[in-house]
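Student: So the chains spell out like this:
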Amino acid sequence: MTIFFVSAISIATVLLYGCIGEIITEKAGHLNLGIPGIMCMGTAGGCLGVSLYMGTLSSPENASWILLILISLLFSMAFAAALGSIYALLTVTLRCNQNITGLAITVFGGGATNFIMSFVDRTYFDPAGKLISSSLPFADNLDGFGKVVFGHGIYVYLAIAVAVVCSIVLNRTRVGLHLRAVGESPATADAAGINVVLYKYVAIISGSAIAGIGGFYYIMDYIKGSWENAATIEAFGWLAIALVIFVLWKPNVAIFGAFLFGACFIVAFVIPDITSTQREIIKMLPYVVTIVVLVLTSIRKKREHQPPASLGLPYFREDR
Amino acid sequence: MKKQTVIELRGITKRFGASIVANKNVSIDVKKGEILSILGENGCGKTTLMNMLAGIYYPDEGTILIRGEEVSIRSPKDAFHYNIGMIHQHFKLIDVFTAAENIVIGTHDDGKYDIKSAKNRIREMSEKYGFHIDLDKKVYEMSVSEKQTVEIVKALYRGADVLILDEPTAVLTPQEIDRLFDVLRAMRENGKSVIIITHKLNEVMEISDRVTVLRKGEHIKTVNTSETNEKELADMMVGQKVTLNIDRPMPENPELRLEVEGLSLMGSEGHLLLDDVSFSAYGGEILGIAGIAGTGQRELLESIAGLHHLQSGRVTYYNPKKDKPITFFHKTFERVMELAGSGMLRYADGRDFTGKDEKGKPLSKKTIRGQVEAGEIFFKEDEVINLREKTPLQIRELGVRFSFVPEDRLGMGLVANMDITDNMMLRSYRRGKSAFVDRKTPEELANDIIESLQVVTPDVHTPVRRLSGGNIQKVLVGREIAAGPRVLMAAYPVRGLDINSSYTIYNLLTDQKKNGVAVIFVGEDLDVLLSLCDRILVLAGGKVMGTVDARKAKKEEIGLMMMGTALEDIEKQEGGSL
Numbered sequence: 046m047t048i049f050f051v052s053a054i055s056i057a058t059v060l061l062y063g064c065i066g067e068i069i070t071e072k073a074g075h076l077n078l079g080i081p082g083i084m085c086m087g088t089a090g091g092c093l094g095v096s097l098y099m100g101t102l103s104s105p106e107n108a109s110w111i112l113l114i115l116i117s118l119l120f121s122m123a124f125a126a127a128l129g130s131i132y133a134l135l136t137v138t139l140r141c142n143q144n145i146t147g148l149a150i151t152v153f154g155g156g157a158t159n160f161i162m163s164f165v166d167r168t169y170f171d172p173a174g175k176l177i178s179s180s181l182p183f184a185d186n187l188d189g190f191g192k193v194v195f196g197h198g199i200y201v202y203l204a205i206a207v208a209v210v211c212s213i214v215l216n217r218t219r220v221g222l223h224l225r226a227v228g229e230s231p232a233t234a235d236a237a238g239i240n241v242v243l244y245k246y247v248a249i250i251s252g253s254a255i256a257g258i259g260g261f262y263y264i265m266d267y268i269k270g271s272w273e274n275a276a277t278i279e280a281f282g283w284l285a286i287a288l289v290i291f292v293l294w295k296p297n298v299a300i301f302g303a304f305l306f307g308a309c310f311i312v313a314f315v316i317p318d319i320t321s322t323q324r325e326i327i328k329m330l331p332y333v334v335t336i337v338v339l340v341l342t343s344i345r346k347k348r349e350h351q352p353p354a355s356l357g358l359p360y361f362r363e364d365r
Numbered sequence: 005m006k007k008q009t010v011i012e013l014r015g016i017t018k019r020f021g022a023s024i025v026a027n028k029n030v031s032i033d034v035k036k037g038e039i040l041s042i043l044g045e046n047g048c049g050k051t052t053l054m055n056m057l058a059g060i061y062y063p064d065e066g067t068i069l070i071r072g073e074e075v076s077i078r079s080p081k082d083a084f085h086y087n088i089g090m091i092h093q094h095f096k097l098i099d100v101f102t103a104a105e106n107i108v109i110g111t112h113d114d115g116k117y118d119i120k121s122a123k124n125r126i127r128e129m130s131e132k133y134g135f136h137i138d139l140d141k142k143v144y145e146m147s148v149s150e151k152q153t154v155e156i157v158k159a160l161y162r163g164a165d166v167l168i169l170d171e172p173t174a175v176l177t178p179q180e181i182d183r184l185f186d187v188l189r190a191m192r193e194n195g196k197s198v199i200i201i202t203h204k205l206n207e208v209m210e211i212s213d214r215v216t217v218l219r220k221g222e223h224i225k226t227v228n229t230s231e232t233n234e235k236e237l238a239d240m241m242v243g244q245k246v247t248l249n250i251d252r253p254m255p256e257n258p259e260l261r262l263e264v265e266g267l268s269l270m271g272s273e274g275h276l277l278l279d280d281v282s283f284s285a286y287g288g289e290i291l292g293i294a295g296i297a298g299t300g301q302r303e304l305l306e307s308i309a310g311l312h313h314l315q316s317g318r319v320t321y322y323n324p325k326k327d328k329p330i331t332f333f334h335k336t337f338e339r340v341m342e343l344a345g346s347g348m349l350r351y352a353d354g355r356d357f358t359g360k361d362e363k364g365k366p367l368s369k370k371t372i373r374g375q376v377e378a379g380e381i382f383f384k385e386d387e388v389i390n391l392r393e394k395t396p397l398q399i400r401e402l403g404v405r406f407s408f409v410p411e412d413r414l415g416m417g418l419v420a421n422m423d424i425t426d427n428m429m430l431r432s433y434r435r436g437k438s439a440f441v442d443r444k445t446p447e448e449l450a451n452d453i454i455e456s457l458q459v460v461t462p463d464v465h466t467p468v469r470r471l472s473g474g475n476i477q478k479v480l481v482g483r484e485i486a487a488g489p490r491v492l493m494a495a496y497p498v499r500g501l502d503i504n505s506s507y508t509i510y511n512l513l514t515d516q517k518k519n520g521v522a523v524i525f526v527g528e529d530l531d532v533l534l535s536l537c538d539r540i541l542v543l544a545g546g547k548v549m550g551t552v553d554a555r556k557a558k559k560e561e562i563g564l565m566m567m568g569t570a571l572e573d574i575e576k577q578e579g580g581s582l
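Heads up: the sequence lines are chains A and B, in that order. Residues 46 to 365 in my numbering are what the first sequence lists, from first letter to last. Residues 5 to 582 in my numbering are what the second sequence lists, from first letter to last.
Hints are not guaranteed to be accurate.
Unchecked claim - To be clear about the criterion: a stretch of chain A counts as covered by chain B if any three or more of its residues have a C-beta under 8 Å from a C-beta of chain B, and this derived list gives those stretches:
hint: 1; region: 216-228
hint: 2; region: 231-238
hint: 3; region: 344-354
Keep in mind the hints are simulated off the structure, nothing from the lab. Heads up, the beta-carbon is just placed ideally off N, CA and C, and yes, glycines get one too.
Just chain B, with the same shape it has in the complex (with noise of 0.2 Å):
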């Protein structure tokens, strides 16, 4: 028997402005009781496209049907009209208010305003599907998961037929993936119809019944799952041949450049965001931190950078400086004495320098100085330098050299609505004496980067909120890695990526491995940590499960370890099964 077909798109297209088109020309049906993966990298189209079907943008050219008929969906009050409801990336639920409420809002049934009566068609629909969902708890009180459940909800409330789905995988645990498969598949059974925007493979083949993939705002091709495979969807995404792995060479001398010992963080409603972390980063290899969404990762790498003040622990940074001259690069005046008087400095003779003469004399500044800025100071021994309760630009000062790529791009990393020139000066303005900031070496970085790692932007002079999620991470870890650092800490920095920018990503991530940096690297793919990493430290509730190498670990183990288990107790299980 043949589905029947309850949307149709014909030859769509969407401009955003004079130059940039969205979507081009596309054309795809969507059939009763099946789920629909809409496949593609980021900016190819796939979310507008959507969007279309949900009222929040009107298609420049093209014709929508739905059952057959001719529509033009203006506002998402005539997409409910219709029977669609869509569960945006970024939820649109307001965090104030109850389950209930967020639910209701903009119904408009029996004309009265009655939330019981509403709580109860709620529940009965919730065990319809297998939702589980405290309908008096706040939005701001809920894990992501949750709230992505009272938003499927809430579309199925409104009496949705078609949900569509944008990227709802990226941020759940496996087990919550298996979860929300679960309810998708049970709609299915109802004769709903579902759309999942994605671009992660393995989910494709896993829940859907029909692949749609787009290419930059262009249908490629709509094929039925069963009859692909991941290699030729990953082929059709991209337009050319990719290869899914990751070169990892084995790690050179590494040597320890990072010792967290016992880091303690209190949060703001008084419990332990970080319990007793410890764990050492060495150069010249990637050290991967997985653990479920918020689990005290963005935490900890903003504990070392410096962003927080800690309840207890030390963070310990090991400079390689044995035999390298001193520099005033960073180092302050009083600094170079402290060394002095520790003991950790020498002459390019072998005599120490104490910053006194032969007869005792403690010299003069302006004499050190000379010294210092002649090169004629080494460090006998590599630095150790003490980073608890220092302030990011404290930690500067001291030589540290730091890059951070934070979680949040547009919110720490990188300052939207300024341009690729002023973000880099972000970085560098405190460089010179001069009361005015050197712009020309910025703006030859931001082209350099612009050019190695094909950033796609009009110029240097366009906003960062303008360009797409690849290209602004690109234009971030840029700037993070040509400040030349020692420690390179990144927190989900392929989140929302393209398989191409991921792989950017990945292998600028292995270069600076190469080059000798110690990369820390926050991630939430399993796979991804799995062929990336050297090591694999596990997180859960803020302590540490245990460290695992990531070349002999098995992706269950490293799941066990994330859901709260401890390594020792699943060695001693093993052990006890054998």
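Isolated chain A, as found in the complex (with noise of 0.2 Å):
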């Protein structure tokens, strides 16, 4: 049972740090499709990082905790913030279509990731990613419901963290009031004073970032630094857009709906002696419940429960 628990939570963190990032994004006013594709690109960069710093090592238990936390957020980032930017140039500046760029960004984000992958030097990620995923020192000996809290890497308590800072940015501050009118009507923003370009571009790359860690946790914490391709994390950056609707676009309702996807995405494995015919269609459970959100939020027709108002449209000022 604790296995479970702790599995769950694990793809929870994943699936979490991608619909934050997804959240910011759409609430600026873009539906960035390209998520599963820039949480690859996380990956990728994260990767490099990881082996970059391990590289520079006599050896791998010289490695620093700290240092490589840091090193592999930083390149995870960046990667990650910089294929955001590409999305974001592209339908802020540009006022590209923003489902058929998200795509696009997808598909590159995936294949340019199988193509770093390739040669990024993985002597060193076994050990590298023990160390990253090790647990909060006084953690060590814990078992059952302890394990379950306090067991976990950085990066899970980082992506909750995330999730608090980010829905009180948008509920209790200057910043997120603007940037939800942004969102809203970047029209009304803009005659209020509003650099709805900068909110836009800041969101979207920031989202981005966020998004971009999630995918190198899942290689590096939680398959421990085995990489096969870029396909199991642009299946989770799916999730991860579904799980945004979900949550009706509220980041600390997502830490909690990412738990229920994460439970619903490894049951599957857990339960013992079902077929892999079964096993396929528990894991559709997440999209169907995502579909039974959409049918009950539209019949109820809350405002507050609906996307943001200019989710997708391109904005120009001077358009008559």
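Take each chain as given, in its own frame, and dock them per the hints.
Tutor: Set out below in structure tokens:
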């Protein structure tokens, strides 16, 4: 049972990073379907960072936990942000269709990641993965409930912290108010003197950076540095986008939503004696739940539960 | 004492693309503590000119001076910096935010975000100018007038000294307009400058100190309101003498065309949008529908057109078919048999057509089809058609000739991104049996409409969204009239149109009336309703307050009914006071 909860929380963490990143982006009025590709890119960046850092060491035992975390964080965020800024440039400044741009970014991100990973030196991924996923010092000897709550690597707690901070920023601060205004009605925000373009860029790029961490976390922490291809991370990316709808664009709700999705995903692997057909059906649950939530919210029509009003629409001030 | 000049525009020119000149060498000035009206027809560049003060557009030529200093307003933010606030025609508010949140967005006072102290400041200001505002109400729950109040407070909260209002009275009731004008006067007393963009002459006369008239992007003249009159302003506005009278012939042989009985419609929130509405419309007359905005006019027309699922009630159409041959133009074979069954049809020689031959043997489908197509079968009486629970398509297939000019021109009436020809085809795409649509006829129709209604457009292939409001409306009304309706329903057909376009539309409606069409006209300007219509039905809260004779009714009477007093009660009161 413990292993089920621990795994569910791990998957939830991957989804939570992606989901928070997408929420921030969507709050600025941009539906970023490039999130799966951006999460892949974050993976590639983080892995490259780990590889470069480990390469400078004489022996993997000398690796510093804090340096490894910081470098991998920095690299994964930077790579994801770089891809995110291409999306931002295309959709904000050049006003390309957001859906098509997003899909292109996803395809590109997946391919680029496979390419980068093909030459990254993965010799020390195993010890690095162990170090990154090592739990907090006092939690080493816990079991049962203690292990479920405290037995994770730092990245899990960082995800929750990001979600909480994001929720506070969106709902309690002027910046959050302005960002929501940009996503609801850029013309209004513009007329109110808010720098719409700046807000959009910052939201898209920072959202991408956050999403990027998710992919890296999956590779380095959850599966401890083994690598096959970008497809799994892409799948998580789509699930993260579905999660955004499921939690009705609320970052604090996303913490629980992500756990639920993670549990749905992992339950298929822990139930003994089921066929692969049954497993695939169970893995579809999150998507079914998302569709149900979409139907319910659109029936209830409560305005607060709708997506940002200008989601997906380009904004040009002098458009008549 | 001479008033201080706050804003001066010198030689402003603004172009859109190479060919469209929105403003040409315009110079105006605004003084402290005055209300200035910018008057002009639609598309004359009033809004564009003011948008350059608000930082939405940037002038191509000319200079803007604020308190004598030359400035460059590149964004709305710059406009706030110079204390200019603009209230746009389409409110720039965020629906899911509260009034208070909408008011504070974009401000940066004190650095920290403190909505409580902001609310206190807003309350103080509201008392000073006499606003009524609920700061915690979400915008989507507000009426138009409340939203406008939020917009004004928003501008003042940012410290606006110059307030620009774009067509502020277009959607308000007379009472709300009075309240708005009181607020504006209070602002004038406090030394603020107010600029009102409008094309309503009576309001110009009532509220403003000076009037600037624009025509086709050029500044015609600025005059003191006290030294002019409506007629003179109207002449300046349109550049030629216009008559403000609408031709209204008496209805000739009015025939019952449409009957609505006990119609009720439930809204999505579970309250009645229309409550037991009954009325009749006659061919050859214009029935006006008056009421404050959003009191069920739109829903009523849409219900008749078959766009809603009715709670109860009947809609009956009387098709003047007596002694006319039945055709397959729209009717299905089943409908012909149904009519035959109810004894509605006869042969030219007077024998009943029952779908059977003399021996009582049913005729073959082919024979009947042949007879109908040869025009051998006639109606005995006018056809009575029940329209309840019919879709617009079914209604059309029954041969009911409805035309509907909806309130929402570019939403329901026309497709904004399609050109004029394609929009004509929305009504004709089902014609013909070929797999390919006929584009030639609609294009001819489009050219006809452009010519006869003087639609200003580069050509028939211009997307309608590029046209100005008046021209869009001409295209829509032109198409609906070209369909040869027997019932023409028009909701706010002149909303946002200038005087000339408005009169074109009024004349079109009157022409239809002369042709025996039953015209149903939903209007907002009582003066127009009183001088255009034959009878006026007044709605309030989804209920019929009464129907009055437009030639005899008084404006005050209709005003009272719009506010929810039934006609009978008004008559009783008048009887009592006599």
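Student: Against this structure, judge whether each hint is valid.
Tutor: Hints, verified against the model:
1. Counting residues of the region 216-228 of chain A whose C-beta lies closer than 8 Å to any C-beta of chain B gives 7; at least three are required, and the coverage claim holds.
2. Coverage of the region 231-238 of chain A by chain B holds [criterion: at least 3 residues with CB-CB distance below 8 Å; count 7].
3. Only residues whose C-beta sits within less than 8 Å of a C-beta in chain B count toward coverage, and the region 344-354 of chain A has 5 of them, enough to reach three; the restraint holds.
The structure meets every hint from the earlier list without exception.
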